[in-house]
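The task is simple: from the sequences and hints, build the whole structure.
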Amino acid sequence: MSHGPAGFDVFISYAHDDDRQVIQRLAEELQEAFAAIAGRRLTVFLDQDGIPTAQRWERTITSALRTSSVMIAVLTERYLVSDWCAREYEFFVRTERDHSLEEGSARSIPRIFPVMPAGAPAEDGLTAEQRRRRLDVNERQGIDLAGLAGAEFTREVTRLARDIHDALVRLRGATPAAPAPAGDEETEHPQVTSGYVGQGDRFVSLLAEAVNVTVVGWTNTSLAESLEAALKRKRSRHGSHAFWRSLRIVFLEDDLLELVRDEHDAQFPDKETALRRRRQNAGYGRRSLSAFLQKEGQPHRLTLHEYGHIPPFTGTLFDMPDGRRIVQMVIRPPRRSASDHLMLEFADRTDQYFGAAFNDIVDLSTRYDEVLPIGEPDDDDVFQVTEARFSNRVLQDGSGTTGWLPLVLVVTWWQSRGTAVPLLQFRTSRNAERELDHLSHPAGYITQEDYRRLEEHAAVATFPLPPHAPMVAARRRIALELGADLSQEVTFARNMRYYHHAKEHLFYWVFDCRLPARFQFPADAEMRPYTLEELLAIRENQAVEYALRLCRDHHASRRDLERMARLSADNLVVHGHDELAAALLDTVRGDGAAEPAALQAELTALAERTRRTNRTGMGERPVLGLSGLEYREFFTGILPLYVRLGVPGAVEYLEGLEADATRYAAVERLAATYADAGVMTELPLET
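First residue of the sequence shown: 1, per our numbering; consecutive thereafter.
Source of the hints: derived by calculation from the structure; they are not laboratory data.
Do not rely on the hints blindly, as some may be mistaken.
What the hints assert, rightly or not - Here are the simulated lysine to aspartate or glutamate pairs, EDC-like style, with alpha carbons at most 16 Å apart:
1. K295 / D379
2. K234 / E296
3. K503 / E376
4. K503 / E489
5. K234 / D201
6. K232 / D201
7. K234 / E209
8. K232 / E209
9. K503 / E686
10. K295 / E29
11. K295 / D437
12. K232 / E296
13. K271 / D255
14. K503 / D397
15. K271 / D254
16. K295 / E228
17. K295 / E225
18. K503 / E682
19. K295 / E435
Rendered as structure tokens:
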């Protein structure tokens, strides 16, 4: 059923677990009906090769999407919850949007035709995004095949064939005319304004006003900050739920960054250092935009792309509410800083030449959407992969999504005066997507790109994660902060598990990695050395803040409150606050002698005394604590690793902890509770 690169009339989008016989029959009868109407064969793309992989997606499916005129969405319950189907559907939504902004009859031409083989899917259990997609489908012209057979089935498919034929005829008649040669009567003379990038706030103002935005850049390092500022303005004018219809951000592929010349070449005489900084900036640009997307909960509205050629221009296309398209082009003199880049602003031509050029770059780019293996670790810590999900669809609070995500945590350190000094990252919106304002050793997902054997397992329901994948992911994660793979040795330490409430659990491979002494990290990395005493003080404040939050919680059930109070009390005991721990338990249990107001006042005062701040490139920021895993596993996993590495004070602290029966018993209770899936998956608050 699939054809070559010449293109397709119809792309059939369906969930691969659905009834393929019905879908095959639909495709065959549709081709027969179309041939009778149009006198030619309908070319159809129907993928029959099993569940997609990231590699096959880019090789086959993306190509078919780009070269197909319309799409049939086979709407079922499985279709609505499939990430792959969502990606196909949103591709055609964007295609419709792009054509709606062009001149001519394309303005009202449908590109998506729903087919419901078993009636309209139920809405129960769908996420907000999936409900939005269901509503969008229901508003479209389609057919319902539920219970139909024989002539009735054929009649409905024939009606669909007529609708598709009409759309194809109108699309072919709506192709914009080629631009007129210079010098004839259609030559346009737009008004052009210019200014230096960074002067004034014209860029942010246009962002705030636009409904769709396409950015073609190199590293897009500071773009997330501009989007934050623009969104604040947009919501002040249009309400708290205002957002763009779409944001398309194009990066230059990392392999091409060595071909460009920017301010880093003027700053660093060594080309390798300049290249490393560019790669770091690109990494921070992607992460900051991903963090922005995660915070706003709009994964279907913002897409990142990588362009595999030197782009003919860099700049931004703004689709305005009144239908105008405004273009900003950026002139980048070699070895000049961004403040010396010149911006040219003008309205797009009548024939939408520049809009088409931006769209061509997006269409020829690879979508940057990491695919993550999902599965479950067995009793021997072998991770069994069962499926895949897109990274921007995981770890959504309250989603109730099941499964485990494989990750790496790399305990980074360097040697100073013969001792090991831990290096941790302060997580900001420029370098992390989650747990902002927390400290963490570098951590990250294991992705499909970290192993190349998925193709071999495409037809297998379950297979073990290749053993080299965690090591590859760990090295990739360190290279992200270093700007290049400096062949740092990473050593496996152990596995750790982290249970979540109402979303995916996390399974970690923990490594340690010695970094070059006094390595100069870029400012956005926020990597710096910390002593054991500093980390203990930060965790102590975190435990106190958790206890204070628990005192103020009025929504959890009595049972959950008591279980969370026991966890919180044990954390207070570990840090030497036995009396506060006892008072917390009495208060939650409703003991007559408890004084909740007095306890809150004491916890508040202690929290203020132990609170720390961090000076960052974004100003002074509060340190909210350690990352979730490192908070839970600090005494049973991180501290023993610090002992092995030779971190000053680690041996003495661990020996003192083991010698204190009360505190060590609390550590053991914490370890048992944090490892209890039945308890941790039910608790709504981190304690």
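Looking at the structure, which of the earlier hints fail to hold?
Hints 1, 4 and 10 not satisfied by this model.
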